[in-house]
Amino acid sequence: MLGWFYGGTKSTNVRVSLPAVCFVWQIAMIVLFGVFIRYNEEADTHWQEFRRENNISSDIENDFYFRYPSFQDVHVMIFVGFGFLMTFLKRYSFGAVGFNFLVAAFGIQWALLMQGWFHTLDPATGKILIGVENLINADFCVAGCLIAYGALLGKVSPVQLLVLTLFGVTLFAVEEYIILDLLHARDAGGSMVIHAFGGYYGLAISWVLYRPNLNLSKRLNGSVYHSDVFAMIGTLFLWMFWPSFNSAITDHGDGQHRAAINTYLALASSVLTAVGISSVTQKKGKLDMVHIQNATLAGGVAMGTAAEFMITPYGSLIVGFCCGMISTFGYVFVTPLLEKYLKLQDTCGVHNLHAVPGMLGGFIGAIVAASATEEVYSREGLINTFDFEGDFADRTVGTQGGFQAAACCVAIAFGIVGGGCIPIWGDPADDNCYDDEAYWEVPEDDESIPPILEYNNHMIHKLPDLSESNFQVEQI
Amino acid sequence: MLGWFYGGTKSTNVRVSLPAVCFVWQIAMIVLFGVFIRYNEEADTHWQEFRRENNISSDIENDFYFRYPSFQDVHVMIFVGFGFLMTFLKRYSFGAVGFNFLVAAFGIQWALLMQGWFHTLDPATGKILIGVENLINADFCVAGCLIAYGALLGKVSPVQLLVLTLFGVTLFAVEEYIILDLLHARDAGGSMVIHAFGGYYGLAISWVLYRPNLNLSKRLNGSVYHSDVFAMIGTLFLWMFWPSFNSAITDHGDGQHRAAINTYLALASSVLTAVGISSVTQKKGKLDMVHIQNATLAGGVAMGTAAEFMITPYGSLIVGFCCGMISTFGYVFVTPLLEKYLKLQDTCGVHNLHAVPGMLGGFIGAIVAASATEEVYSREGLINTFDFEGDFADRTVGTQGGFQAAACCVAIAFGIVGGGCIPIWGDPADDNCYDDEAYWEVPEDDESIPPILEYNNHMIHKLPDLSESNFQVEQI
Amino acid sequence: MLGWFYGGTKSTNVRVSLPAVCFVWQIAMIVLFGVFIRYNEEADTHWQEFRRENNISSDIENDFYFRYPSFQDVHVMIFVGFGFLMTFLKRYSFGAVGFNFLVAAFGIQWALLMQGWFHTLDPATGKILIGVENLINADFCVAGCLIAYGALLGKVSPVQLLVLTLFGVTLFAVEEYIILDLLHARDAGGSMVIHAFGGYYGLAISWVLYRPNLNLSKRLNGSVYHSDVFAMIGTLFLWMFWPSFNSAITDHGDGQHRAAINTYLALASSVLTAVGISSVTQKKGKLDMVHIQNATLAGGVAMGTAAEFMITPYGSLIVGFCCGMISTFGYVFVTPLLEKYLKLQDTCGVHNLHAVPGMLGGFIGAIVAASATEEVYSREGLINTFDFEGDFADRTVGTQGGFQAAACCVAIAFGIVGGGCIPIWGDPADDNCYDDEAYWEVPEDDESIPPILEYNNHMIHKLPDLSESNFQVEQI
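Order-wise, the sequence lines are chains V, X and D.
If you count the first sequence from 1, position 259 lands on 259 in UniProt numbering, and the numbers rise without skipping.
If you count the second sequence from 1, position 333 lands on 333 in UniProt numbering, and the numbers rise without skipping.
If you count the third sequence from 1, position 381 lands on 381 in UniProt numbering, and the numbers rise without skipping.
Incorrect hints may appear among the rest.
Any copy will do: because identical chains look the same in the list, a pair fits if it lies in one copy or spans two.
[What the hints assert, rightly or not] Think about it this way: if two alpha-carbon atoms lie no more than 25 angstroms apart in a straight line, the pair counts; the simulated DSS-like pairs of lysine-lysine are:
1. 283 to 340
2. 286 to 218
3. 10 to 218
4. 10 to 283
5. 283 to 127
6. 343 to 218
7. 10 to 284
8. 286 to 10
9. 343 to 284
10. 10 to 343
11. 127 to 284
12. 127 to 10
13. 343 to 286
14. 340 to 218
15. 218 to 127
16. 343 to 283
17. 127 to 340
18. 343 to 127
By construction, these hints were calculated from the structure, which means they are not laboratory data.
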């Protein structure tokens, strides 16, 4: 609140820009949807004809029933998971959960268009046909931008976030097209496409927006007791539903089943190593909430690529084991170094939770793919899992591994270069950071003001100079 | 707490009435269930015979698997969504989430009976046969009463709420019978049946219970920082699961699929216009949490009727666009006018979130129905979507549109007349409103009381007169 | 925090023990998974072959689609439900939700092994083949240990909790083998196997760890306003998803359908009687949050065994009616007596929510089983429901009832004897209980410190003796 008095030269007044962006972009969405987007054959009233033509015996085989429960879990991760994970700051919970909401609601619309143009445009009609799988992919696409928001939390305006999302979704769609279609890499849970890209995208933007005087807002860059509990809501919904995230768009049947099991196991393993490292690096072995809130999720990030492969249950545990450890080490040692030497201010530590585990997940996927055998997968299983069909019918697992590794590099490059180049301006002043007062009507918290200060119908927030020497409470 | 000292003539002691109502009504439920309610053929141990007789090839075609995931999402909306949405008041969170819980738990039982008598009574046996679809409908029915609670939040006793629910569910079942069965209107997500009815029902009761001296509780009619964050839990679970709400009881296959897509899009669009209007109507463009918590949901309300129709994806965006805007305007401008000129005290603003968007949703549904064509729907699709079978085989889409519009008027009329006529008494005094102390054992919040006031084993809540000019607290 | 100064002889320093246990045990898990655990045929890439061999017509008949939505609901109950239910203490929310997370993440791994050895070990290969049903069972197994944690909340170290879990899961797997395999009892939702066992296990450990001087931490053994609201998140997610819990591993088709309906009804009924008894036993009829948070769930616990039987809808209501009442009475009258006369300190009252309703649920199941008839179930339904096949083809329902009752006794005996015998040491000092400071880095809560105390860069937490008669604050 004091930020308004001591003023920055940077205004936080978004009364023109924010409504303008919201309305103009939303109208643009309506026009583009009108031109391009229609229901696909499983969501259209012609479904019964489609069923008969394709010998589908029951309505239950509509893709809706394969994917809708996973979609809703992913939806919870995007809106409650990411949103509440960022409420840990003592006075930025409105911004965390509110801007996350705004950004995601815009992003999913733009993602349906961008991903549609690249992936599901029907060449005959020029229309994008959407169904539940597209909704999941749109949520995934937005996840990349929300990860980037994590690095910038408390330091950017809602208008900047919308710009970040517009560019982020666009970059995502291009990167995804290169990785999944051109390189024909597999990345069902998006270790590379979502996490590595999103993490490095956010870090690059954070580097561009470096604030040398951020310590002016230092008093607000931390948690209070209940804000840490709120953040655990985010953590737990992310953790619990990550098996749905990694299995949401994998193959029907064994593909979804296996991806869920692998992710479940990797996440369980991460929790133990995150707790272990957190305890051993703190005095008296006390746990740090930052680690529990974040590093416990590293196993899910790192299984994004390999979850649908035959990585084996113990392989999943090993991935979670290593990434939980690496991620916690990142929070303890790497984040302070990044800020000091690379001028990277990373509010939520996305470097440790998304960028590095995502990158590792990409390379783990490459290794697992390269070591796949017909003996383990069966010939048919190998073809189904890696989609060795059409133009790629002759690809060997070794080649596939190489392309997987290349895909990971593409994701990182898109993140870094894209984040470094997007035009982004209008950030609040250094002493307005981490403060909901900048962009929200914040209620007076009379809870925390003691009764003594409420007398005579006016609040006494400040008292005349009162040094210890003449502060006196007497017992006469 | 002071309410107890300054006393009202209206007692908040419910030690006789509340247990009496709980026990007597619950025993009545048990007796009525014993007489009337049985499992339907899909939940009964005779299911395997039923399967063979009806050539159902697999257990997975049991309606349970079509609807259970949506049911659970709806269940979360009812208990966490509505409950937490109302926790925004600084000292009424127990009442918000606790009475919501009580009312819904009673209401779903009574709804199974009332809806059963009107819709699924087996004439041969005189039994109501229930399955997962009935559970969803019971949750829907209760939603109407919870919406009404929103208008009355903080101003009524739990006994009054149970009375409101008894009558509300009864009215709902009748209204629903008229609308769905007699008028043969479609209303899968209940824009009319649930939202318009529930909204006007609550407003009418609020009008009956008008309190001219409500400003005695003014200091408690607002939020604190963390109560606003709690309310966002409610908002987000409502927002995320609304696609399940609108698709929960639509047709298997394309019906559920399309309803989910349409609702997802309308909701996304609402967020942007709610944010835009919120920003443009506040000084310095700051966002107001009330709008973000509520108006972002207007698109879901307004898609309740049309979600299963071929409204097209861009049509859904337009609906969300308009209703997000209208709802936010309602919070800014209409609610204060309603209180001033119509004596309507509407705690949660259900007028703006449910009554008006629900009514609009009803008319949108009428227009979309009236403009349906065989070209777009296919002949079969048209019959399936509007259920033009049996007595209604000859109905045209134009006629259907007319009946849809009539249905909307029926819902509103039931709400207003029903709410104005139900016998409801025993509300707490004006200075006891918005205060959990009236009906709950509230813990001492020593967190917010500074150490200085805890001396000598008694709390000092009040001090003698203390004017700023001579800051001095002496009692010598 | 003061605990550190006034010191106990019991250290809370877990900097060696906690990381050691986490790492050693996690590595052991990896090794054991490597030796024993593989994907089952529905999660393996050989699924398409398996489908053809077994004439499974569609991918949708993979067990994943029957059980995954329920699995995710159960997962939410374990991690958010149990975790947040325990956040009600004013300063133990980190421990509640964090240690719950740690214990469950370790427990599910160990449970997959233990339950696998007893139930799904493939004799040909010596491997445990896992799929989604195993994940649900692992979550169930861990639930028993989390219930035990409820009795010990705030009084044990994380290392003790991990030890409790290691032994608890082991005992659970043996007990479950005896009950489900040897006695051939049915217990789909685990009234006996999970709740009675877990409840008595926790109570027995609590008895062993009796603290005569626990009143040293009395000031922290209570809630504050917002911690009670957090706890309602746990309550509601448990309440809403309990139908999924009790139906998660029941038979496909009618079994899952019926179990969900019965549980839904029993829970609804519990809410009304819990509210009724809560109100009638408090002065002025005010409700107590402890009852609403806990006793409302008793119906779900008590339906754990009978949910899949033809208990009838009104039978379910009666179960909920009685158990909601008994559970609330337990909180009001029994818990204080247990502490006074039996030296049982039961932080969350698991005696009233799990031990007694679980035991009752076991006996209710026995009665319902014994009174099953072919007329009601059909011959085929009876065989399916009670699994009267193979060695048990000739069992009568009367015999089944007897074995159900015996099973309940086995569960209770395992809980009491097991809990009384496990080696558990290293608990914190009496004045460190219910305090997150012991094991967590807790942020300074400057929210709750009034401005007056923040002058001159140092906090004034304490003032000299200050009696009301001469209270004086002067500025001289």
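So, going through the hints one by one against the coordinates:
1. 283 to 340: Cα proximity of residue 283 and residue 340: one copy only (23 angstroms, versus 38 angstroms across).
2. 286 to 218: Close inside one copy (23 angstroms) and across copies (23 angstroms); limit 25 angstroms.
3. 10 to 218: within (18 angstroms within a copy, 36 angstroms between copies)
4. 10 to 283: between (40 angstroms within a copy, 17 angstroms between copies)
5. 283 to 127: Classified as neither: same-chain Cα gap 60 angstroms, cross-chain 43 angstroms, threshold 25 angstroms.
6. 343 to 218: For residue 343 and residue 218, the Cα distance is within 25 angstroms only inside one copy (16 angstroms; across copies 48 angstroms).
7. 10 to 284: Answer is between; shortest inter-copy Cα gap is 13 angstroms, intra-copy 43 angstroms.
8. 286 to 10: between (40 angstroms within a copy, 15 angstroms between copies)
9. 343 to 284: neither (31 angstroms within a copy, 31 angstroms between copies)
10. 10 to 343: within (21 angstroms within a copy, 44 angstroms between copies)
11. 127 to 284: neither (62 angstroms within a copy, 41 angstroms between copies)
12. 127 to 10: Result: close neither inside a copy nor across copies, 44 angstroms intra and 64 angstroms inter.
13. 343 to 286: Neither, since 29 angstroms and 30 angstroms both go past 25 angstroms.
14. 340 to 218: within (15 angstroms within a copy, 45 angstroms between copies)
15. 218 to 127: Classified as neither: same-chain Cα gap 50 angstroms, cross-chain 55 angstroms, threshold 25 angstroms.
16. 343 to 283: Result: close neither inside a copy nor across copies, 28 angstroms intra and 35 angstroms inter.
17. 127 to 340: Neither: 50 angstroms inside a chain and 51 angstroms across chains, both beyond 25 angstroms.
18. 343 to 127: neither (45 angstroms within a copy, 51 angstroms between copies)
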